[in-house]
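Engineer: Next come the chains, spelled out residue by residue.
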Amino acid sequence: MIDDRIVFLLLFLAPVVSSIPIALAYKSKGWTEKLPYLSVFGIFISVLMSLYIFFVFPENQQYAYDWIPDLGINIVLITDYLSRYMGVITAVIAFFIAIYGLEYMRGDYRPSWYWFFFNLFTASMLLVVYSDNLFLLFVGWEGLGAASWGLIGHWFRDDDEIAYVGVPKRKVGPLELSWPPSFGGWRAISTIRFGDVPMFFAIAAIWVFAVDKTGKSTLNISQIEWGTLFTTIGAAGTVILLTLFLMGLLTKSAQVPFSEWLMTAMTGPTTVSALLHSATMVAAGAFVFIKVSWYIRPWELHHVPGLEIVYTFALFIGLISGLYGALAASGMLERKVLLAASTMSSLGLMFAAAAASFWIQPEPKVAAGMNVALLVAFWYMAVHAFAKASLFLVSGHLIHATHSRFLCGGIEFAKRMKTPFIVTIIATAFLVGIPPLTAYWVKSMMDEVKLHLFHHAMETGAIHLAIPIILLILTSLVYSAILAKFLSLNFIKGEKPEHEHLEGGGLMKLGYVLMASVLFVLTYHIFVLEETEGFVHAGGEILSIGVGGAIFIVYIAAIFKPRITALSKLGTFFNDRMYLPFVNDYILPKTGFFVSHLVQDYGNRGIDGFFNTKVMPGLFDRISKGIRTIQTGYLKTYIQIVLGLVMISLILASIGGMWI
Amino acid sequence: MELAMMLLALAILTLGSVGSFKYRWIGLCTAIVALVVGLAACRSLYYGVFIFAIGIINLFSLVGIRSKIKGVDYGLVGLMALATMYIANTGDFALVLAALVLVSVPTYILVMVREGGANVEVGIKYITFMVFATVLFLIGAVILAYTKNSFDGLLYILGYVMLVMGLSLEVGVAPLHEWVPDVFTSADPIPISIIASLAKIVPFFAALWILIYTASTLTSSITIFTAVLAAISMFTGNIGALTSKEHARVLAYSTVANMGYVLTCLVVVIKPTPEFIGFALMGGLLMLFANAAGKIGFFNAIKGEGAYSPLMYLLAFSFIGVPPLMGFWGKFFILSSLVKVGLFMAEAGYVYIVVAALIVINSAISIPYYIRLASELGIGWETNLTNFIAVSVVIIILITVVPPNWFFEGMRVLAQTIGIGI
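Protein chains in written order, with numbering that gives the first Met the number 0: chain A, 0 to 659; chain B, 0 to 421.
These aren't lab readings, by the way, just hints derived from the structure by calculation.
Quick caveat: nothing in here was measured; it's all calculated off a predicted structure.
Here are the in silico distance ranges between beta carbons for each label pair:
1. A:Met646 to B:Leu2: 32 to 42 angstroms
2. B:Ile108 to A:Gly608: 50 to 60 angstroms
3. B:Val227 to A:Lys635: 22 to 32 angstroms
4. B:Ile108 to A:Ile650: 28 to 38 angstroms
5. B:Ile370 to A:Thr230: 49 to 59 angstroms
6. A:Asp69 to B:Ala10: 55 to 65 angstroms
7. A:Gly608 to B:Ile370: 23 to 33 angstroms
8. A:Thr230 to B:Val227: 52 to 62 angstroms
Glycine included, every Cβ here is placed at the ideal spot set by N, Cα and C.
Model the full assembly from the supplied sequences, consistent with the hints where possible.
Structural biologist: Okay, here's the thing in structure tokens:
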């Protein structure tokens, strides 16, 4: 067995180190054409290491290496159920996308920038996935933020309209609903920072209050005695702490109302969108929520006041985001932005499923003793990752082929683009939950979880818990429609593209065919694994079959009628994302400007007056003048001053001495 | 044995000075030999090496000036350096005072040295205050020594005030600093670089020694006097330097400010409590060494009309207190001792904390003028005496790149010698 330190070092550092040469050789065209292969090789090493960890390392083993033990900041990694799977998913997806990127990014104007940040992105996510220590996790978390900024704003010159999001010159009120890449990068990093800072404080607070079994302070997620922590800080403390922590997760996962950055993140290269939407970045938020809930075990903490509020909050934020994203996507005509909105919707469902864990009691014989709500959230994340990454890669290829970022392409086009067409059918059908394809089993379990909440609501009178099942089914139906629309308007009923550039694309095709093929592997796993046995049972329930059937009908209907002209006004409203951009681009900045003007006009004038213009400079001026006035150059004056001072001091000392 | 070697060094120095009437270089050579012998006689090697280095650099800087007493001036600097070395060897009250006089008197002659003549006007101004300072210091010291045997509160306080005032006048602590800007600007930069470096160490050492030796129950009450002087000196020096244009004048006020920092070491002498004194002694000495190195470098740059720019910046950073240069460690240990005493003293502890805060504020005030000095005196590289001296002093301030734990060990030996256990 290879030493665990070497495995982890290779896992995290191989992608970064392998991308340094291309970063350094940014001036040489020759080298930047060859060195991407090295970068991809670095990610391949990570794939090997993640597989090695998956197959060879013992499960639920913690690997701890000291860093700053006094502050609980250590390199602590864990190979629990979630990390083992997620690590492989992340590395494999990044690797497939990287292969695709070899062709997609050929001839780009700054490959060094792209590959360095792409690999940093992957490495950061791997760090988030395997970290058990909250601070170490936060390091990876910030790596994700930095890399996403670099990649979303990759085409920083804003000189190619194809990289924009929104319709150029389309104005609603004072706001132009069109965003260039540089603005996209800025919107991403600024939104994320807005959540990261509270999250950082939450981690600090956890360090102050949390202890492990032995009563020692710790930052290790798996060792913290969460129940004790929440009891210590009380109901209000729990709500504040977890809300601050959730701020980081919700902004990263682009949940309402922080979703805007994700839409304009589509200004980045498509490979970035694919990675961002499947296994990194947005997935990080949901993943960390699942992981932390895994160890908080909220279902055992019903006696802790305040915890239910937080989980109810997360449940509804997730469901609202799910429906909002799906509805917004239904009005969209931009390939990638439509997919982005659908991702947001999926992430909402993941949050909602994971939050439902509060009300679900795991049973020893079901799902290997795991909480099925968390399990289903995680499995949905896995299925979604591969399906969504395939769809993004296909749309990247389509944008290449048609020179358009808007949905277009009819059946003739599909005949010439058979591979992407087939992959799109597979990816959409497998993702929306048509029986008996992969996501059907996962979605069925999700239905069961929400149904459980419904029963709970009926029994206890907590009537709000009856709503989730309705929202979930509604979201699933709209979701099915939007992906069907994506398929239809790209390959079946779309307008004929103005350009058709069909040559090449070999590596790109390889990338998304590999990606989509994993969906079959996942289906196989659902049927053979012990913990997912429940998914198969759930698929046999009458509710699931009913919902699955409805989804199938909606899917077929949307393929045949992807656009409903009568609803075009509503569509525009949805396409404008229900005017949420105003919050990001108008209300928040205006408030900020208002506050900064206030500070500038009133606060700074006082501070400036004191330090910079009036009081302090005046004082210095006077002292300086005094000091210089003494220097007359006459010995007589000096002697007078010195003698006088000495005499006065001695007299004072005598008086003081006698008094003492 | 050590005393015999010191006497041997003195003999060599005297013979050399006599010989230098015939050949001037003999003065330089014998002074160097005498310093080597003196170094061998030093009990605390770390202390000795620093004094040796400063002394040697001072000697070489004299090479660049054509003075009337050329040859003898080497002897005078050699004598100062030997006395400075010797003060750390002795635990004898009388010898400590003798060392003070031996360091003070040669500067009366050195201050008048200039190219081809004697600067009598400056000399008179300087000597007047030095004589007054030395007398005050000595009387204060004698009174304090008397109270050690038969304690009298009033006498103790009078002695303390006289000693501190004498010291202040001697080294140029505000508000008794009037002679400093005048003398620093009108005398030749080379002798001033000696007065501003080597001549500052013994007075402080002697004062610290005497105050520790005679410390009484009243000490903690009277230190407020020293603290006030230190505060006035820091602000006067820094604001004066900040608003002066002439380089020598800036350096004069910088000396006033630096002496204020070092004076705070005396504030810490409240009781012979080992760790406070240890840190204060270490901080004070490092501060004095850093001040010496910086002043030599800057004054020589004035004399040579500029020196290599990076060296000048390093000296400026050391003065400001940028780690890991020596000036930083000096301030750091002084601050540590102040804060420790402040926390130790339940009542009136805040005085010490306030003094520590004033040092930090003053360091910030000093940033602009040091940087300005470095940028104005800094020029391109030329191979000459000025740059040789600048490189030498920069090596000294760079020694503390290795964190000076080693120096603390050296201080332990030194403290034992002079009779304080730390």
